[in-house]
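**Q** The task is to assemble the complex, starting from two chains supplied on their own in separate frames and drawing on the hints.
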Amino acid sequence: MYRGFEETRGKESAESVVVIENLKKSFGNEVVLSNVSLKLFQGENLVVLGKSGSGKSVLIKCIVRLLAFDEGKINVLGYNIGELNNTDLGELRKKVGFLFQSGALYDSMTVRQNLEFPLLRIRKELNRKEVDDKILEALENVGLADALEKMPSQLSGGMRKRISLARTIVVDPSIMLYDEPTTGLDPVTSQEISVLINEVQKKYKTSSIIITHDIECARKTATRIVMLQDGAIYKEGSLTDFEKSDDALIKAFFMQSGT
Amino acid sequence: MKIYRPAMSDRRSVKGLLNGTMRLGEKAKAQKDDITLLLINSADVVLFMMRVAKETFSRDFEFKEFFRQCFQIGYKTLPLITVTGAIIGLVLTIQTRPVLADFGAESLLPGMVAVSIIREMGPVITALICAGKVGSGMGAELGSMKVTEQIEAMEVSATHPIRFLVVPRVLAATLMIPILVLYADALGILGSWAGVNIKGSVSFVLFFYQAFSVVDFLDFIPALIKTFFFGAVIGFVGCYKGYNAGRGTESVGVAANSAVVVASLLVIITDMIAVQITDML
Ligand SMILES: Nc1ncnc2c1ncn2[C@@H]1O[C@H](COP(=O)(O)OP(=O)(O)OP(=O)(O)O)[C@@H](O)[C@H]1O
Ligand SMILES: [Mg+2]
Numbered sequence: 001m002y003r004g005f006e007e008t009r010g011k012e013s014a015e016s017v018v019v020i021e022n023l024k025k026s027f028g029n030e031v032v033l034s035n036v037s038l039k040l041f042q043g044e045n046l047v048v049l050g051k052s053g054s055g056k057s058v059l060i061k062c063i064v065r066l067l068a069f070d071e072g073k074i075n076v077l078g079y080n081i082g083e084l085n086n087t088d089l090g091e092l093r094k095k096v097g098f099l100f101q102s103g104a105l106y107d108s109m110t111v112r113q114n115l116e117f118p119l120l121r122i123r124k125e126l127n128r129k130e131v132d133d134k135i136l137e138a139l140e141n142v143g144l145a146d147a148l149e150k151m152p153s154q155l156s157g158g159m160r161k162r163i164s165l166a167r168t169i170v171v172d173p174s175i176m177l178y179d180e181p182t183t184g185l186d187p188v189t190s191q192e193i194s195v196l197i198n199e200v201q202k203k204y205k206t207s208s209i210i211i212t213h214d215i216e217c218a219r220k221t222a223t224r225i226v227m228l229q230d231g232a233i234y235k236e237g238s239l240t241d242f243e244k245s246d247d248a249l250i251k252a253f254f255m256q257s258g259t
Numbered sequence: 001m002k003i004y005r006p007a008m009s010d011r012r013s014v015k016g017l018l019n020g021t022m023r024l025g026e027k028a029k030a031q032k033d034d035i036t037l038l039l040i041n042s043a044d045v046v047l048f049m050m051r052v053a054k055e056t057f058s059r060d061f062e063f064k065e066f067f068r069q070c071f072q073i074g075y076k077t078l079p080l081i082t083v084t085g086a087i088i089g090l091v092l093t094i095q096t097r098p099v100l101a102d103f104g105a106e107s108l109l110p111g112m113v114a115v116s117i118i119r120e121m122g123p124v125i126t127a128l129i130c131a132g133k134v135g136s137g138m139g140a141e142l143g144s145m146k147v148t149e150q151i152e153a154m155e156v157s158a159t160h161p162i163r164f165l166v167v168p169r170v171l172a173a174t175l176m177i178p179i180l181v182l183y184a185d186a187l188g189i190l191g192s193w194a195g196v197n198i199k200g201s202v203s204f205v206l207f208f209y210q211a212f213s214v215v216d217f218l219d220f221i222p223a224l225i226k227t228f229f230f231g232a233v234i235g236f237v238g239c240y241k242g243y244n245a246g247r248g249t250e251s252v253g254v255a256a257n258s259a260v261v262v263a264s265l266l267v268i269i270t271d272m273i274a275v276q277i278t279d280m281l
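Chains as they are written, first to last, in the working numbering: chain A, 1 to 259; chain B, 1 to 281.
Hints were generated in silico from the structure; no laboratory data involved.
Predicted, not measured: the structure shown is a model, and the values here were computed from it.
Quick reminder that beta carbons are idealized off the backbone N, C-alpha and C, glycines included.
There could be a bad hint or two in this list.
Said to hold, decoys possible - As a list, the in silico DSSO-like pairs of lysine-lysine whose alpha-carbon atoms are at most 27 Å apart:
#, chain 1, residue 1, chain 2, residue 2
1, A, 39, A, 244
2, A, 124, B, 133
3, B, 199, A, 150
4, A, 235, A, 73
5, B, 199, A, 94
6, B, 54, A, 134
7, A, 94, B, 133
8, A, 129, B, 64
9, B, 76, A, 95
10, A, 205, A, 251
Said to hold, decoys possible - Some chain B residues judged to face chain A by a derived CB distance under 8 Å, without partners named:
#, residue
11, 41
12, 43
13, 65
14, 120
15, 148
16, 152
17, 153
18, 156
19, 159
20, 258
Unchecked claim - So these bits of chain A aren't anywhere near chain B, every CB distance computed over 12 Å:
#, residue
21, 39
22, 91
23, 107
24, 131
25, 179
26, 183
27, 219
28, 231
29, 252
Just chain B, same shape as in the assembly (with noise of 0.2 Å):
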């Protein structure tokens, strides 16, 4: 058997190992081996992130491609997360009053729904909402143009795909998710107060201040900060895949599937990570 070695470009650096370890992966592929295979993976992941990393910083931001794609992030979610928002807040209301009403407790309604939608329900729904809506676009997007040859079509024309493509996705979902979340966050409390209001009636300004007497600046603080990491996780992996889709059409489904199923596990899992900081805190 011969000796893999890796070409003269690729000495001499992590990104060279890491490389010389991509193309060993061809190999593992080959042979199904599976430890290999995930070593692989995790380098090419990675790999990937040090790219979309240096293409940030690079000196020409396209701009263009960024506002256009806080557009289509932003503007394309906006219904689903309305009607999402919406009901979550209501339904959540009307789940907890009964609780609530068996201890006589019925005054802390508005607070304990704003609570877990500001801390747990908005940021989460609404983050798994774009999983399926942004991510899967990027990776179905991605994945097409990776497979009719148009992200090489950008390489020869002086353009690097990761900057023009990637760096923009990444950026507008890392700032839109945030503020899809403050806006579901909103419209459950909206929610919340029509759920009140089905039995009895409550001013809106005295739910609005029976909400915030509970809530503080520390429920909304780490909450708002997760969400930027669920966007940036979206934006990551949903064109992680697409880039990264195989040669086949059938790999554009392919990556747009994927796409969603990784966001939204990592999501979830980020989720887990901020709650315990926070908790720490």
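The following block holds chain A by itself, in its conformation from the complex (with noise of 0.2 Å):
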């Protein structure tokens, strides 16, 4: 049995939303998640780095157990992942909002059917009008009101992103994963984003991982970094500790865009 949300809210989970212990995760004989543990406190906003190819969206896939992990624990609101019947994984899912790497945009729909799809069956309490407007205001949100009747394949690359940003933020979930927000984009949309991401997590005191190559969206959003590295957490501190640090993986990383 899972522990329910509200027993073990005055325990320690009631400060760390997500807990991960000694996550490990293969495919076949390919190791990609060797021992990773991780913490996600309420309200803020990690940072994941890692080089391509680290692991970065297995991980936050298991989160949701869109992927089945090998060993180890996750505990994401008081939910034991690994033991949760589909019933209540369904429930947690809710509550978590997942920005998929590509977008994953539903083809077959209007950029309007998109956002409904998850709105109306997520938030079944709400009326035709308030999912009008829901969807409107994320749009307006990620700037693409006008392409609401637009299919996905009518939309360039960064406005499928942005859509799809837009489809996560409209149920207003409690944690959000985001697989590289801003690749991508050009640097004023990115930035764009990245204070979106900051107003939704002021707006609705949400919690996020925000998996990102992009530094300057990393330095806007961060509230504490991580990096992954051989399948384990690398290094973990605040954005001075990493830009301070005199690692040479670190400092590959923040080259980039010297400051």
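**A** Structure follows, in structure tokens:
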């Protein structure tokens, strides 16, 4: 049995909304995550850095059990992910927003239908007008209110990414998992997205994990940074810790835009 | 070597056992062990079937998606079926006539053609065409949804992708393919009438009467029943291949292709089994 949210509220999990302990995940003989332990605290923006292929996407997919992990423990909002039954998993997923690296817009649906899809299924209590208002608000947030009736195939890559971000925030999740929210966007839009991430965090008190290669985005949004390397957490600290670090690997990451 | 241990949630159930077998599969794939792979794949198919069956009878049935799929399958294959149905009837008639003429039994022509269309040609040819058109379409569509993470996006949007994507498609195929077969039968018979009229002229009423004096109920019902199975097979294989597509873009093509191959093969095998069963009755 999982432990309900209420039950654990007064205890240590009230502070940390996601607790990952000794997570291990491999595909066949390829070990991707060998030993990852990580905490996400209430209301913070945790930036995850790491080389391409270091398993960042795999890590956040394990958090909502899109991928089953091999060993270790993941606790999200008091739910023990490894042992959840399907009903509870569904309930938990309603509280977690997931921005996919590829955007993952449904290409057989218009932008409006794309946003409606999670909204009608997760926030069943809303009436028609509230749904429309929320859709419009989310689209305005990403600056694409006029794309409402377009098909994803009519949008550019960056626009698709923004629509998909709108689709994630439209349901007001309490935890957000962003997989490279600014990759492939121009500097101006990336900046706007970073601002938006901060706004969402302040407005709805969400806790977020942000995977990114974009150091500017990390600078803007991070309350804390962890770096993933060789299947484990390589370094954890604040932005200044990272910027002051002498470690060659970390330097390589922060060099790209010297300030 | 480490002994395989199923995750906690997997213990104590058939599904758990199958899931366990699945994970063994990743090791087997690495070692290219054929027999283990075969077992794994069978376990995978059974597991998928169980999930589809379970979701079929779940409370929130996706009616809208179901009707959309019915339209897609029915309407979009209609021109193809129209042309093939009519041509099959025509050609069959032209080819059979000389043989019957040798025996002076030309009056049997409508009946013979009708029987072969209703019993065999109509169902099998329609099903094979649908395996090509519908099966590959489903394989490609679900395959690309898988590759571009759309299926995962559905999962995190509190929607079971099997319930939303697979169940409506399988049911729509199961329902629409029999209807398409009936339509193909009708056009086949019309085509046959046209074939008869190339040499000499027979009124449609007479032709119809001659045809259906030979065809009886027992030709019709088993032939119709098997088409439901054809539909289910095509829908299931198309969805299974698409849903389980690999990770790269090329796996979309692979999924579509193997959906057609496997669905066509299974249609023929199902036909053989159906004929055997009908024969015993
Ligand atoms: N479903 C899967 N099946 C098999 N291998 C996988 C699967 N998902 C990921 N991998 C492998 O896991 C490794 C890590 O992948 P992941 O997508 O997490 O990298 P990443 O850190 O997100 O990289 P990037 O920054 O390029 O997105 C890769 O080697 C990849 O091939
Ligand atoms: Mg990634």
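**Q** Decide, hint by hint, whether the structure agrees.
**A** Structure-based check of all given hints:
no.: 1; hint: A:39 to A:244; in the structure: holds, 23 Å
no.: 2; hint: A:124 to B:133; in the structure: violated, 37 Å
no.: 3; hint: B:199 to A:150; in the structure: violated, 56 Å
no.: 4; hint: A:235 to A:73; in the structure: holds, 20 Å
no.: 5; hint: B:199 to A:94; in the structure: violated, 70 Å
no.: 6; hint: B:54 to A:134; in the structure: violated, 34 Å
no.: 7; hint: A:94 to B:133; in the structure: violated, 37 Å
no.: 8; hint: A:129 to B:64; in the structure: holds, 21 Å
no.: 9; hint: B:76 to A:95; in the structure: violated, 40 Å
no.: 10; hint: A:205 to A:251; in the structure: violated, 32 Å
no.: 11; hint: 41; in the structure: violated, 16 Å
no.: 12; hint: 43; in the structure: violated, 16 Å
no.: 13; hint: 65; in the structure: violated, 10 Å
no.: 14; hint: 120; in the structure: violated, 36 Å
no.: 15; hint: 148; in the structure: holds, 5 Å
no.: 16; hint: 152; in the structure: holds, 5 Å
no.: 17; hint: 153; in the structure: holds, 4 Å
no.: 18; hint: 156; in the structure: holds, 5 Å
no.: 19; hint: 159; in the structure: holds, 5 Å
no.: 20; hint: 258; in the structure: violated, 21 Å
no.: 21; hint: 39; in the structure: holds, 22 Å
no.: 22; hint: 91; in the structure: violated, 8 Å
no.: 23; hint: 107; in the structure: violated, 7 Å
no.: 24; hint: 131; in the structure: holds, 14 Å
no.: 25; hint: 179; in the structure: violated, 9 Å
no.: 26; hint: 183; in the structure: holds, 14 Å
no.: 27; hint: 219; in the structure: holds, 28 Å
no.: 28; hint: 231; in the structure: holds, 17 Å
no.: 29; hint: 252; in the structure: holds, 28 Å
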